[in-house]
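Protein chains in written order, with the working numbering: chain A, 530 to 845; chain B, 888 to 1178; chain C, 2 to 565.
I should point out that these hints are in silico values taken from the structure, not numbers from a laboratory.
Fair warning: there could be bad hints in the mix.
Claimed, not checked - Listed below are the simulated DSSO-like cross-link pairs for lysine-lysine, each with C-alpha atoms no more than 30 Å apart in a straight line:
hint: 1; chain 1: B; residue 1: Lys946; chain 2: C; residue 2: Lys293
hint: 2; chain 1: B; residue 1: Lys946; chain 2: C; residue 2: Lys336
hint: 3; chain 1: A; residue 1: Lys688; chain 2: B; residue 2: Lys946
hint: 4; chain 1: B; residue 1: Lys946; chain 2: C; residue 2: Lys335
hint: 5; chain 1: A; residue 1: Lys688; chain 2: C; residue 2: Lys299
What the hints assert, rightly or not - Coverage of chain C stretches by chain B, computed from C-beta distances (three or more under 8 Å per stretch; other residues unrestricted):
hint: 6; segment: 284-297
hint: 7; segment: 336-342
hint: 8; segment: 403-412
Glycine residues also receive a C-beta, built at the ideal position from the N, C-alpha and C atoms.
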Amino acid sequence: MARYVANRVAQAIMLLVVVSAIGFAILHLAPGGPLSQYAASAQMTQEDLDRVSRQLGLDRPLPIQYLDWFGRMLRGDWGHSYRDGGDVLSVIGSHLGATFELMATATIIAVLLGSWIGVLGALRRYSLFDTLATVGAMIALSIPTFWFGLVAIYVFSVKLDWLPSGNQETIGDGSLLDLLHHLIAPALVLALVETAMWGRFMRSSMLEVINQDYIRTARAKGIPEWRILTRHALRNALLPMITVAGLQFPTLLGGALVTETVFTWPGMGRLFLDSIGYRDYPVVMGILMFSATMVLLGSLLADILYAVADPRIRVG
Amino acid sequence: MSTAVLSIAHPTPGQAAWRRFRRHRLALAGAVIILVLVVGSTFGPYLLPFDDTYIDVMKRFAPPLSGAHLLGTDELGRDVLARLMMGGRISLAIGIVAMVIAMAVGIVVGAFAGFYGGVVGAVLMRLVDAVLCFPSIFLLLALAALTEPGLVTTTVLIAATAWMGVARVVEAQVRSLRERDFAIAAIAFGSSNLRIMFRELVPNAMAPIVVAATLNVAKAILLESYVSYLGYGIQPPAASWGNMLNNAQIYLTSAPWLAIAPGVAITLAVTSFNFLGDGLRDALDPRMNIP
Amino acid sequence: MADETSNFGRPVPGLPSGVSNRRQFIQLGASAAAGWTIAGSAFAQTERPANPPAKPRGQVIAALSQEPTVFHPLMPSIEVDQGVWWQVFSPLWFIDSEGNFVPDLAREVPTIENGGLSADGLTWKIKLRSDVKWHDGTAFTAEDVKFSLELNNNPDFRARSRVGHSLLKDVKVVAPDEIHWRMEAPYSPYMSILSLTFIVPKHILEKLPDPNASPFHNAPVGTGPFRWGERVPGDHILLSAHAGYHGKGPYLERVVFKYIPDLTVLYTQFRTGQVDYTGLQGILPNFVQEAKALRGHKVFVSSTSSVEHLAPNLEFGPFADRTVREALYLAINKKAIIDALNYGLPTQTESFVPQQAWSFQQGLPQHNYDPAKANALLDAAGWTRGAGGVREKGGVKLEFTNSTTSGNAVREQTQQLLMQDWRAIGAAMRVNNMPAAVIWGDYWLQSKFNSVLVGVNFMLGSDPDVTPRFGSGAIPAKGGRGYNTYQYQSAEADRLLAEGARQFDLTQRKATYGDLQKLIRNDLAILPLFQGFIAEGVKEGLQGFRPNINTSSNCWNIREWYWA
Chain A
530 MARYVANRVA QAIMLLVVVS AIGFAILHLA PGGPLSQYAA SAQMTQEDLD
580 RVSRQLGLDR PLPIQYLDWF GRMLRGDWGH SYRDGGDVLS VIGSHLGATF
630 ELMATATIIA VLLGSWIGVL GALRRYSLFD TLATVGAMIA LSIPTFWFGL
680 VAIYVFSVKL DWLPSGNQET IGDGSLLDLL HHLIAPALVL ALVETAMWGR
730 FMRSSMLEVI NQDYIRTARA KGIPEWRILT RHALRNALLP MITVAGLQFP
780 TLLGGALVTE TVFTWPGMGR LFLDSIGYRD YPVVMGILMF SATMVLLGSL
830 LADILYAVAD PRIRVG
Chain B
888 MSTAVLSIAH PTPGQAAWRR FRRHRLALAG AVIILVLVVG STFGPYLLPF
938 DDTYIDVMKR FAPPLSGAHL LGTDELGRDV LARLMMGGRI SLAIGIVAMV
988 IAMAVGIVVG AFAGFYGGVV GAVLMRLVDA VLCFPSIFLL LALAALTEPG
1038 LVTTTVLIAA TAWMGVARVV EAQVRSLRER DFAIAAIAFG SSNLRIMFRE
1088 LVPNAMAPIV VAATLNVAKA ILLESYVSYL GYGIQPPAAS WGNMLNNAQI
1138 YLTSAPWLAI APGVAITLAV TSFNFLGDGL RDALDPRMNI P
Chain C
2 MADETSNFGR PVPGLPSGVS NRRQFIQLGA SAAAGWTIAG SAFAQTERPA
52 NPPAKPRGQV IAALSQEPTV FHPLMPSIEV DQGVWWQVFS PLWFIDSEGN
102 FVPDLAREVP TIENGGLSAD GLTWKIKLRS DVKWHDGTAF TAEDVKFSLE
152 LNNNPDFRAR SRVGHSLLKD VKVVAPDEIH WRMEAPYSPY MSILSLTFIV
202 PKHILEKLPD PNASPFHNAP VGTGPFRWGE RVPGDHILLS AHAGYHGKGP
252 YLERVVFKYI PDLTVLYTQF RTGQVDYTGL QGILPNFVQE AKALRGHKVF
302 VSSTSSVEHL APNLEFGPFA DRTVREALYL AINKKAIIDA LNYGLPTQTE
352 SFVPQQAWSF QQGLPQHNYD PAKANALLDA AGWTRGAGGV REKGGVKLEF
402 TNSTTSGNAV REQTQQLLMQ DWRAIGAAMR VNNMPAAVIW GDYWLQSKFN
452 SVLVGVNFML GSDPDVTPRF GSGAIPAKGG RGYNTYQYQS AEADRLLAEG
502 ARQFDLTQRK ATYGDLQKLI RNDLAILPLF QGFIAEGVKE GLQGFRPNIN
552 TSSNCWNIRE WYWA
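Let's have the full structure, built from the sequences with the hints guiding it.
Below, the structure is given as structure tokens:
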């Protein structure tokens, strides 16, 4: 097990190096640059732009810039944002909380609701509930998130005035109630897709389990249905979901992007979008490395957890 | 000759699958809706008296059913139905072509990696892992910046973010299939590697590939709308469902039909492809468990 | 007011807006009117029946569609950043909405009459206020001014611009409240440059080993009406009243700059009352009518100094022919663009000079929508229709691309209308839009475009010296210094520009720049559409909002805002 983990970690680190090189190249080769924003407002002459470009080291050959960036990153210096001058790690850190709040809430809703829908759907396969859940899930997976978010704002904020039309909090309020009030709409919008996905996976996982021999054996033994369900079926059905969760976790970062834009949520997604828009190279690279690490960590953890949870599986 | 004898493990797998598929009513409904959408977008524009790009600013924002325009007119006085149909051509084409490209790349990469294994397999699959590490938004935005936006580039971009999943599925299938009797027999018969890969192994992995394909079309149509939302994608004056929906955003309160029409079209198409994929999965391999 | 930088990040459906450069400001003869006023019905100021409160009271949430991120006022920045600087820092003097220089940190504005300026314009003597304190309690002195001006020339410092500052020499602190310097050459625009140069504290910044790694990124210290509170990156900036402010106000306890990237969402939040004021880039034109009808809200539509126009690349194939430009201009349905696509909010223009400016030339030839005449002109000039109805002459086809920032809804609509109108006269236009970071880079600066739809503020501050825009030596693609991306070259224009820059008499200058406007209109170096505008929303009861065409941000006087 230790060797397996060590091997996987080594592979992951090599992958990160490759990802960083590809990402750096794509980003810098893309037309436009961090100075376009200043050129657009025409307050700086070409001479000024050239000087700032030199001062930022953007006039050096790309491989040199990459090695410089890479070397610094190894020493823990991820560079400074071109926009607000903050160091990249703290810039990311300052946006992480908001995204985490949104993601965690949406995930909890999705896991609870999705599991319930999935299990019930599997137990009563082809019932009205199952059909409605299936159709509902498919539609939820098919609606563009930004469209759903805008409609939600229009209905619940503009027309009904029940919920605030975005933002993480009322500035200067700071109460828990205020935070929750702001969280409802974006969390539900984000949870919609997650719930649908989780429900679908849960259903098929559960279907697989309840047709297994040991469940039939348990039934034949006369063990009560609820006990079979909680003790045997559910436990085994949840196992593959660990993998799903591990793989799903990083995509939540991206999925929150659109939700964050629509609901003015100061999270990672917005930061990423703005940083790409302004070509804030250090921050984009920082987020890229951060999310790549999350992806690799997610799949690694999922595999390890899976092995720990199910002793029948031998990894390696 | 070896194919006929060896690869068919089941006497009539096609018929059995068709029976199972027919029982899946939602999938059948999905297939019918897709057919309607495709036929409607292909031939519909010829039946309408309106050109999808003809601008008449005096007739802006005519509500649906209020005159000659069945679905009303948009912010430039163009017929929404005509645009919806022409947009359908583009969005469906992007979805299908992007899927084909993604499939082709994914199958080739997956087949080579699964067949050869070893260093080749490891390198190819690590490449897949590496690309999967990029948030698809990053790939889209960064690649979009490198090219001129348009029909072809949008399609390629979307394909570029979708082939990795297919590669993984195919690799796993091919890796396990190549140890089976028929593959070993084919090798013994002296078939070339390429022939074994694409004549013997890949066709046997077709079930999950077909399912992945339908789901990928759904994903691509949805992605097209996100790409538009993020300010790339199809250039005006051409319509796509994505850019129609995106342009309608600011008129959501004053002219809601502009957003409803493409929104419903996207949801309908994506849902249908998802149901189709679902049905195919049940039909082709009831035990299969791919997302 | 809004400029092209508004389109970074996710492109949002935006207003027609301008590339501006108010930070450079040529004013020959500092006694003349510095700026210009926005007069007429387009502009109104909030009435003030009540008096400002004795003590700062309440808070204002000002929404911006871009995030201010640069709080060192001498570093590279975008327009929204200035909105924050106005609150935290002070310049030596500023230009008010009536166009007058008003002393701020200086005791008086230097003129030749009061001895602040020598007659040759080379020696400057500035008397400073002695009652000003930095937010941390340290006294403000002439040393701070010297430090700030010299910081711009520090080779290690990423200064935003050295224009003007590079001419400084012998900066001498004569007394804690007086500073003198000499200029290498007379440069009267420096007056205006200083009106937007905010002074930074020496006692904090001089200790830094690296002038770029500034503590200002998190906690700027200034002499302005509001002191730094907190910043939640990606969300908001909170400032609170500075009790010891040396000028009028502040009357508000807190100011919050809230970043709302999507303009539809921004308007929605204004509508639902979560936002008190919609700053850059305001309310989308399609919401203005509805916003005006909202109870408890007021909407101000004001002109900006930018001009929305079609920018041709004059070195590109068909555009080199003046007849083509004239025909294209005749075939533009301006009325439809203004009345329908822009809801009648802007006014049409024929000049690159804002209509409120003293230098604006009345009576330029009026544009007519006349496709028949356009066709006739092209026929006569030998542009014959070829395959697909597209005209060509001598192997040059009348086809071109038009670009603008992708996602800008109104501009994209305008493009499509132009496309249809021009197809009717045998000109084939194709849309090729790009993200802001791409289009405003080399594509624009190095004239790699065919044509661009853009709003530009041509003026140097309030001065009509457009040498950087139309001078033949200002073409970046040809190694010139400036923004003549049209690649306009005219000996007559160069002559007029040189003459205008030498003249000191306002009447003479008006004549010279009038001739220049006639020339540019006649040559159709640009195809002007209309003058830029911004619609800003203010919650009822909020007093003191006063648009100022001379600053980049109408947040310039938040210190005078208060709740009735």
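Going down the list of hints, with the structure as the test:
no., hint, result
1, B:Lys946 - C:Lys293, "holds, 24 Å"
2, B:Lys946 - C:Lys336, "holds, 15 Å"
3, A:Lys688 - B:Lys946, "holds, 28 Å"
4, B:Lys946 - C:Lys335, "holds, 17 Å"
5, A:Lys688 - C:Lys299, "holds, 21 Å"
6, 284-297, "holds (count 4)"
7, 336-342, "holds (count 3)"
8, 403-412, "holds (count 3)"
Consistency with the previously given hints is maintained throughout, with no hint failing.
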